[in-house]
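Colleague: Below are the chains, spelled out letter by letter.
Number of protein chains: 2
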Amino acid sequence: MKVDVCFSPALYPYYADSNNYIVVVVDIFRATTTMCAALKNGAKCIIPVASIEEAQQYKAKGYLVGAERNVKRCDFADFGNSPFDYTKEKVEGKEIVFTTTNGTQAIEAAANADVLTIGAFSNISALTEFCIQKQKDVMILCAGWNNRFNIEDTLFGGALAERLVVKGYASASDATKVALSMWQEAKSELKSYINRTEHIKRLEANNLQDSVEYCLTVDTANLVPLYDNVNKVLKL
Amino acid sequence: MKVDVCFSPALYPYYADSNNYIVVVVDIFRATTTMCAALKNGAKCIIPVASIEEAQQYKAKGYLVGAERNVKRCDFADFGNSPFDYTKEKVEGKEIVFTTTNGTQAIEAAANADVLTIGAFSNISALTEFCIQKQKDVMILCAGWNNRFNIEDTLFGGALAERLVVKGYASASDATKVALSMWQEAKSELKSYINRTEHIKRLEANNLQDSVEYCLTVDTANLVPLYDNVNKVLKL
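Chains as they are written, first to last, in the working numbering: chain Z, 1 to 236; chain E, 1 to 236.
Isolated chain Z, as found in the complex (with noise of 0.2 angstroms):
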């Protein structure tokens, strides 16, 4: 078994070198966290759309939305990307249509996968078992912004590849060498190594720094989102 980090969307098919990987697609602010936040809240389905046009057009159906470009809530959608918005009491048993600037491009890009499922420190000990007991190899694929690197979903794929290579899996590529050593940098003080990154600065200019603790959270969601061939993000 081997483990791989993949740093964007962009990159991933310099990476996949075919299907037969379990892909954990990671956007820890905010879209991988809100997707695990809203299935622990009940949430029957999570229905991940690319544009904005096809989120309108499940709106015109009647179907709850979130949906968010560049940190903001678009103004159509119910919800935007914070975990916050998805509370029990509005989203338990609903199906709920997801588009954000990346979390659901990154879905898309690697839609082929054998197994692609959903990854954020909320979940990393649910995901870390599920990983193992499929014994394939694994791919963690970061969403990243507008394809460029970030560091936020970076510290998460080396925090999920060490608990992997604890159990003997290889690090697969340098990409994975440089997460792995950046969390064992980051791991003892995560939230001050995490206000160096371009993304809080984004959050803070728009007073939505009040999920990043949630975010870095490890364990809150005790669940392992699936996409299904039928483009549905369910629990498994």
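All clues stand as given, with none of them false.
What the simulated footprint calls covered on chain E by chain Z, stretch by stretch (three residues with Cβ under 8 angstroms from a Cβ of chain Z suffice, anywhere in the stretch; the number is not a length):
no. : stretch
1   : 3-15
2   : 149-161
3   : 169-182
4   : 187-198
Hints listed in this document are in silico derivations from the structure and should not be mistaken for laboratory results. All residues carry an ideal CB built from backbone N, CA and C; glycine is no exception.
Since chain Z is already given, all that's left is putting chain E on it; use the hints.
Modeller: Frame of chain Z, contents of chain E only:
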């Protein structure tokens, strides 16, 4: 002024928001180190070409040709991708056609930049001076390996960024911050840090590790190679 590091030619479109940069293409093992060595030894210019076919056409016209794929010299070529191949006796006064797995592709990706230059540890001081004199934003473009992230090019990115940050340049991105942090960790024991890379294993497997130390040594070539607008790389 700002300095940015782009981890792969495939990410360049997402990093370069204009052509108004000095782009520094880097492929430490070994293309850009080798180009600096050839120019230092008196080559009149280097003509980078992306494909083997183009290189063969030049060879048929009588040019000296350096050509490498997957670390090995191509059979038809006069030189491979080792800096030691390009001796003064062989290259002085000559135009050299050059194609490598990654380096020449990176040059092609950034060919529209206002200023395109070639970086290696061997010319880092000359290059730093050049950037500071030009007073333009700097984009360090890592050639990587088949568009994948690699450690050695990123370390050079961190080394050059560090010299510019000391002179007041801003670090432009999460990628630059990570390159700087890697360089801080690696610089006191560069050779042992580099031993963990994918490419060292590739070179060793082909018995080509003889030039590694040279590729990591600073300031053996006090020159700045410039890509002009007729597809030649010339010594400034």
